[in-house]
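Using the sequences plus the hints, can you model the full thing?
Taking this note's numbering, the leading residue of the sequence shown gets 718, the next gets one more, and so forth.
These aren't lab readings, by the way, just hints derived from the structure by calculation. Heads up, some of the hints might be wrong.
What the hints assert, rightly or not - What follows is a list of derived Cβ distance ranges for each label pair:
| id | residue 1 | residue 2 | range |
| --- | --- | --- | --- |
| 1 | Tyr752 | Ile723 | 14 to 22 Å |
| 2 | Asp763 | Ile735 | 17 to 25 Å |
| 3 | Phe770 | Met747 | 19 to 27 Å |
| 4 | Thr776 | His740 | 27 to 35 Å |
| 5 | Phe778 | Val730 | 44 to 52 Å |
| 6 | Met774 | Val721 | 32 to 40 Å |
| 7 | Leu719 | Glu772 | 33 to 41 Å |
Said to hold, decoys possible - With a cut-off of at most 20 Å between alpha-carbon atoms, the simulated EDC-like pairs for lysine to aspartate or glutamate come out as follows:
| id | residue 1 | residue 2 |
| --- | --- | --- |
| 8 | Lys722 | Glu757 |
| 9 | Lys722 | Glu734 |
| 10 | Lys733 | Glu757 |
| 11 | Lys733 | Glu761 |
| 12 | Lys726 | Glu757 |
By construction, the Cβ of each residue, glycine as well, lies at the ideal position given by its N, Cα and C atoms.
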Amino acid sequence: MLSVKISPKFQVVIPKEIREALHLLPGQRMQVVQYEGRIELIPERDIGELEGFLEGMDTSFTRDEDRL
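Structure (structure tokens):
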């Protein structure tokens, strides 16, 4: 497990091996979530990266007769 130090401005540096593994870029936005006593940083992804992620999903559905 890696650790980081909080600067006087409450900044942290994400270790290089994590930045590389997650393909993080300078200036990239992160969502910050407080969850069960910990802080989670979730990278925001470009909408273009989501292209095709629902491919093959069954989108058919049956309407109720009273909804036609």
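We went through each hint and held it up to the structure:
1. Tyr752 / Ile723: 14 to 22 Å: holds (18 Å)
2. Asp763 / Ile735: 17 to 25 Å: This hint holds: roughly 19 Å between Cβ atoms.
3. Phe770 / Met747: 19 to 27 Å: The hint (19 to 27 Å, Cβ to Cβ) holds, given that Phe770 and Met747 are roughly 20 Å apart.
4. Thr776 / His740: 27 to 35 Å: This hint holds: roughly 30 Å between Cβ atoms.
5. Phe778 / Val730: 44 to 52 Å: Hint holds: Cβ distance 48 Å, inside 44 to 52 Å.
6. Met774 / Val721: 32 to 40 Å: holds (38 Å)
7. Leu719 / Glu772: 33 to 41 Å: The hint (33 to 41 Å, Cβ to Cβ) holds, given that Leu719 and Glu772 are roughly 35 Å apart.
8. Lys722 / Glu757: The hint holds at about 15 Å.
9. Lys722 / Glu734: holds (16 Å)
10. Lys733 / Glu757: Answer holds: Lys733 to Glu757 is near 17 Å, not above 20 Å.
11. Lys733 / Glu761: holds (18 Å)
12. Lys726 / Glu757: holds (19 Å)
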